[in-house]
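According to the numbering used here, the sequence shown is numbered sequentially starting from 1.
To be clear, the hints were calculated from the coordinates, so they are not data collected in a lab.
Where hints are given, some of them may not hold.
List time: in silico SDA-like cross-link candidates among lysine to any residue, alpha-carbon distance up to 25 Å [said to hold, decoys possible]:
hint	residue 1	residue 2
1	232	243
2	137	199
3	193	260
4	193	131
5	199	188
6	193	204
7	193	175
8	246	223
9	137	112
10	154	108
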Amino acid sequence: MMARATTVGLVGLRSSGWRQVRHVHQRQFKSYEALRADFHEWLKKEVKLVSLFLATGLSVVFAYAYRDNSPVRQMQYILAEATAVAEGGDKQRARQLTQRAYAIAGSVSDREPHLYELAFSIAAQYEAARQFDMAKKFYHEAMTHAAHAKHAAKHVGLYRMVTLDRIAECCHNLGDVSGAATYYQRALDIYEKDRGTAKDQMDAEVCGIWFNYARLCMDSRQYTEGGRLLQKATQCARENDLPEDKRAQIHELAAQLGAAPRPTFNALVGGGVDI
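Based on the provided sequences and hints, a complete structural model is requested.
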């Protein structure tokens with residue numbers, strides 16, 4: 001997922017990503033849980049703007065379909081226009097319109113339950129456009145709204161964990177290895193604190209965080225730690241019966257890790273790595 005990859009194979013793996021793009025029909029109103037699943041997939045480097053935008057936009061339109069106040073109608077019109085221009089390929093205009101809807105939602109209340117979804121969507125659109133600084137900004141804003149998101153009483157830990165993962169990924173792409181590691185660790189701390197006794201979506205989502213963190217370790221040549229994280233991802237994928245393509249990507253990264261050059265004693269003393 002980032003150009004600084006140490007091998008061609010790793011670049012290819014990052015380009016392919018773990019995200020499964022789901023095609024969302026414009027007129028199909030899906031349940032909130034299904035929508036959340038659409039834009040809370042693991043990786044999003046090549047996520048299609050349209051599917052991500054519709055997943056967020058439609059949930060807002062559905063939630064407000066029967067309200068009559070002016071701000072809501074404005075949001076409906078703006079999101080409908082954004083949907084149309086996104087389908088036409090104008091990603092920048094779609095993002096601008098999404099930000100207008102976000103501003104309107106914020107003018108209603110700073111605890112408006114859809115602010116989290118909209119901020120996350122805007123951040124994801126910036127991330128897909130490789131504007132990682134702006135993506136970080138809106139992911140941080142999403143974090144401030146997570147406590148008031150729909151179903152936050154049950155899922156706020158999940159929301160925060162996934163958002164921190166995206167902030168870490170942005171840091172990674174910006175070359176901030178230390179920052180990325182900090183945010184990945186914060187995401188994992190939330191998982192340890194908030195996970196339930198029974199298997200749930202947090203258990204499935206954390207697999208992607210271990211995978212991403214392992215890639216960071218590979219980039220910074222922390223091979224031992226990367227291997228430990230991949231072992232956790234492998235176990236998680238097996239225990240949660242994750243799709244075969246996800247497991248295959250873990251195994252591919254593990255193979256690349258196994259083939260990565262290790263420093264000899266002399267190289268370590270000299271500050272280099274033997275290739």
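Handout entry: Restraint check for residue 137 with residue 112, where alpha carbons must lie at most 25 Å apart
Key = 19 Å, holds
Exercise for the section: Given the hint that residue 193 pairs with residue 131, test it: the Cα-Cα distance must not exceed 25 Å. Expected result: Distance ~32 Å between residue 193 and residue 131 Cα, so the pair is violated.
Practice task
Starting from residue 193, check that the Cα of residue 260 is at most 25 Å away, please.
Solution key: 34 Å, violated
Handout entry: Pair hint outcome, residue 137 versus residue 199 [Cα-Cα no greater than 25 Å]
Key = Roughly 32 Å between the alpha carbons, so the hint for residue 137 and residue 199 is violated.
Exercise for the section: Mind checking the alpha carbons of residue 199 and residue 188 for me, to see if they're no more than 25 Å apart? Expected result: 16 Å, holds
Practice task
Would you mind confirming whether the straight-line C-alpha gap from residue 154 to residue 108 stays at or under 25 Å?
Solution key: 24 Å, holds
Exercise for the section: Would you mind confirming whether the straight-line C-alpha gap from residue 193 to residue 175 stays at or under 25 Å? Expected result: It is violated: about 29 Å lies between the C-alpha atoms, which goes past 25 Å.
Exercise for the section: Starting from residue 193, check that the Cα of residue 204 is at most 25 Å away, please. Expected result: 16 Å, holds
Problem - Restraint check for residue 246 with residue 223, where alpha carbons must lie at most 25 Å apart - result: 21 Å, holds
Problem - Restraint check for residue 232 with residue 243, where alpha carbons must lie at most 25 Å apart - result: Distance ~16 Å between residue 232 and residue 243 Cα, so the pair holds.
Hint check: violations occur at hints 2, 3, 4 and 7; the rest are consistent with the structure.
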